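J.: Between the sequences and the hints, there should be enough to build the whole structure, so can you do that?
Chains as they are written, first to last, in my numbering: chain A, 1 to 256; chain B, 1 to 260.
FYI, nobody ran anything at the bench for these hints, they're computed from the structure.
It should be emphasised that the depicted structure is a prediction, and the values quoted were computed from it without experimental measurement.
Treat the hints loosely; a few may be bogus.
To be verified - Computed cross-link-like contacts, SDA-like style, restricted to lysine to any residue with a CA-CA straight-line distance of at most 20 Å:
no. : chain 1 : residue 1 : chain 2 : residue 2
1   : A       : Lys121    : A       : Ser145
2   : A       : Lys113    : B       : Pro34
3   : B       : Lys120    : A       : Lys163
4   : B       : Lys32     : A       : Ala76
5   : A       : Lys163    : A       : Leu103
6   : B       : Lys120    : A       : Tyr74
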Amino acid sequence: MISIRNVKKRFGTRQVLQGLSLDVHEGEILVILGRSGVGKSVLLRHIIGIEKPDEGTVDVGDIRISSLSQKEIYEAVKNMGMLFQGAALFDSMNIFENTAFYLRQHGNPSKEKPYTEEEIKRKVKAALKMVGLEGEGEKLPADLSGGMRKRAGLARLLVYRPKILLYDEPTTGLDPITAQQINELIVQTQEELQGTSIVVTHDIHSALYIADRLALHEGGKIAYVKKPKEFLEIDDPTITFLKDTLYNHPSARNQL
Amino acid sequence: MVGSLKLFLFRVFVAIGEYVSLISGVCTAGIKKPPSWALFRDQFFHIGVLSTVVVGITGFTTGFVLAAQSIYQLSDKGLAGVTGILVGKAMITELGPILTAFMVTGRVGSAMCAELGTMKVTEQIDALRSMAIDPHSHLVAPRFVAGIFMVPLLTIFSMLMGIWGGYIISVLWFGMSPATYYNPMPIHITGFDLFTGVFKSFVFGIILVTICCYKGMKTSGGAAGVGTSTTQSVVISYVLILLWDFFLTMALNAFHAEFS
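T.: If you want it as structure tokens, here you go:
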């Protein structure tokens with residue numbers, strides 16, 4: 001479904017991606033673990049066409065995203081969505097308008113006519129209900145807590161039902177209960193949309209809860225990609241450290 | 001020393017390249033996929049309508065000062081009668097365009113840069129891209145168009161306010177007759193003067209919106225980065241406006257002398 005081959009990316013003097021390769025299968029939730037600053041978010045930005053690799057290729061389905069022009073990228077990413085670390089809600093719009101934004105901009109792909117206001121209202125309400133923000137549509141992003149912002153960001157994606165969903169640190173900075181709500185929403189969204197999801201995180205608890213497969217991003221490359229149980233059995237100092245963190249965390253023991 | 005000069009020059013050339021690339025990107029995106037009328041309307045309102053008060057006050061008070069100064073400085077030489085021409089010429093050819101451009105840069109350009117810069121550092125611009133929306137077309141093009149059209153209109157408004165301000169001081173305060181103030185104006189203030197002022201304001205409009213949008217779109221480094229970008233956008237705009245004012249004054253007058 002998504003195939004990344006030997007991608008290299010440098011920012012100034014810093015080589016962030018150093019020949020990274022990764023395959024993501026259709027319909028799975030792949031979680032990429034790694035320390036802050038190793039380039040996990042940069043990888044997601046390559047998949048959705050915000051960044052272009054210096055070398056290597058990024059294929060999504062049959063489309064080689066890495067060789068498209070900017071205009072072609074916009075066409076190719078219409079069935080993708082990304083939840084940004086800070087949710088990246090548009091400050092000048094309330095939650096309803098944020099959620100309705102894609103529908104208003106791109107209209108109805110299956111019909112000639114744009115969506116009617118009634119259709120937009122119905123779809124936005126359904127998306128906000130799914131993330132538990134029903135009745136909060138009039139609030140501005142600045143009035144929301146971190147968890148609510150993440151949920152609103154997710155509603156903005158759910159409303160247009162993308163087939164590929166990218167999550168950039170979805171639980172970072174949230175309390176454990178809110179983080180678990182977001183984890184559940186990610187799994188629920190996956191079931192609802194039947195798409196492919198890539199989640200970038202450094203939260204091992206969250207990763208184990210949602211992942212079909214786990215990948216470790218280290219030194220600008222993907223070091224391992226395994227199913228959760230096999231992943232934790234790998235003899236690697238980083239994974240051993242993550243495992244130790246887990247065993248010291250009572251709520252996570254049951255997941256192993 | 002030579003190394004740091006080289007690095008500085010390299011950065012300047014990179015910045016010029018990025019600036020030109022932004023302008024061409026915005027023009028291409030804006031033509032290929034024009035933004036909705038609502039986006040233009042909002043920008044026309046924010047840049048144009050909301051700036052009228054501040055531009056009007058600036059023009060009006062400048063007219064006050066010009067008239068008062070010319071009467072104080074010239075009346076003992078028997079030249080107080082030229083007050084109307086002096087105020088009119090100064091407002092139309094120089095002060096109207098310059099002060100309007102400065103006020104719009106301070107009021108609108110800085111806000112434009114801060115808004116775009118904040119959107120950049122909070123990944124809102126990336127969010128637009130991820131939703132297949134070109135930020136050049138959606139965010140920058142309406143600001144470009146509104147700025148370029150509204151600055152000349154605001155400048156004309158400022159010129160008129162300046163001339164009326166000068167009238168109030170000359171006639172109502174110093175007791176000059178309205179005819180003395182107004183009558184020489186149509187004879188001495190020419191169409192070329194008006195063209196000079198409006199043409200300058202058009203160029204200043206281009207400078208201020210492109211610089212402020214460029215600095216906004218290139219912002220990095222969080223809240224501190226937004227502050228730095230905003231300051232730089234205003235300072236660079238002011239300096240470029242003053243430099244271009246000089247070049248345009250020289251070029252337009254040379255052109256006028258050649259063909260009249």
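J.: Which hints from the list above does the structure break, by number from lowest to highest?
T.: 1 and 3
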